[in-house]
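Trainee: Sequence:
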Amino acid sequence: MKSLFWALLVIVSVGCGSTEQPKAKSEPFTGEISASQLLTEYPQFRSYYEQYQPSASEIAAVKSLSGKSLIVLLGTWCHDSEREVPRLLKLLDLSGVKLESLSLHGVNYNKQEPNNLHQQYDLKYTPTFILMQGENELGRVVEKPMLSLGEDLASFVTE
Numbered sequence: 076m077k078s079l080f081w082a083l084l085v086i087v088s089v090g091c092g093s094t095e096q097p098k099a100k101s102e103p104f105t106g107e108i109s110a111s112q113l114l115t116e117y118p119q120f121r122s123y124y125e126q127y128q129p130s131a132s133e134i135a136a137v138k139s140l141s142g143k144s145l146i147v148l149l150g151t152w153c154h155d156s157e158r159e160v161p162r163l164l165k166l167l168d169l170s171g172v173k174l175e176s177l178s179l180h181g182v183n184y185n186k187q188e189p190n191n192l193h194q195q196y197d198l199k200y201t202p203t204f205i206l207m208q209g210e211n212e213l214g215r216v217v218e219k220p221m222l223s224l225g226e227d228l229a230s231f232v233t234e
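The C-terminal position of the sequence shown is numbered 234 in our numbering, with every residue numbered one higher than the one before it.
Calculated from the structure, these hints are not laboratory results. Quick caveat: nothing in here was measured; it's all calculated off a predicted structure. Please note that a few of the clues may not be correct.
Here are the computed lysine to any residue pairs in the SDA-like style, where the Cα-Cα straight-line distance is at most 20 Å [said to hold, decoys possible]:
1. Lys186 / Ser122
2. Lys219 / Ser122
3. Lys173 / Ser111
The following label-pair restraints were derived from C-beta to C-beta distances [stated by the list, open to error]:
4. Ser122 / Tyr200: 16 to 26 Å
5. Glu210 / Ser130: 31 to 41 Å
6. Ser132 / Ser101: 30 to 40 Å
7. Leu169 / Thr115: 18 to 28 Å
8. Glu102 / Thr233: 37 to 47 Å
9. Gln194 / Glu218: 28 to 38 Å
10. Ser101 / Gly214: 30 to 40 Å
11. Ser132 / Tyr184: 18 to 28 Å
12. Pro189 / Ala131: 19 to 29 Å
We put the CB at the ideal spot given by N, CA and C, even for glycine.
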């Protein structure tokens, strides 16, 4: 009788297990996104933005980007993007630099986006920060900077 009780208990316990299927990962954002939209809709990006405290020298270095354009290819799913893109946005805000333009573009897990910028700029890794003057690429920072994001981007202007 005890054996029957334990057998039934095991069967009932197994049968009561969750039958809910794991939720699919949400699809990453693809296409152009504004800085405010990125920080509003993606809490991890906002958190990194709020936590980041750049040095005075890095803020000063970013001022040399005045009049240049920045194209940023990022993944809302990418931990490097979550860390580095908010740093860029904070540097731009604190420095007050006036860029010619700033465009942020989300890519999917295959590093593709609807406007085919991934092909145009030969995207390999995210994030990729591309500094432009007119139609000329001055340089790019891929995944993470060598020194700091501000100093690495500024080095393309002074080279």
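Trainee: Going through the numbered hints above, which ones does this structure break? Give me the numbers in ascending order.
Mentor: Going through the list in order, the structure violates hints 1, 9, 11 and 12 and respects the others.
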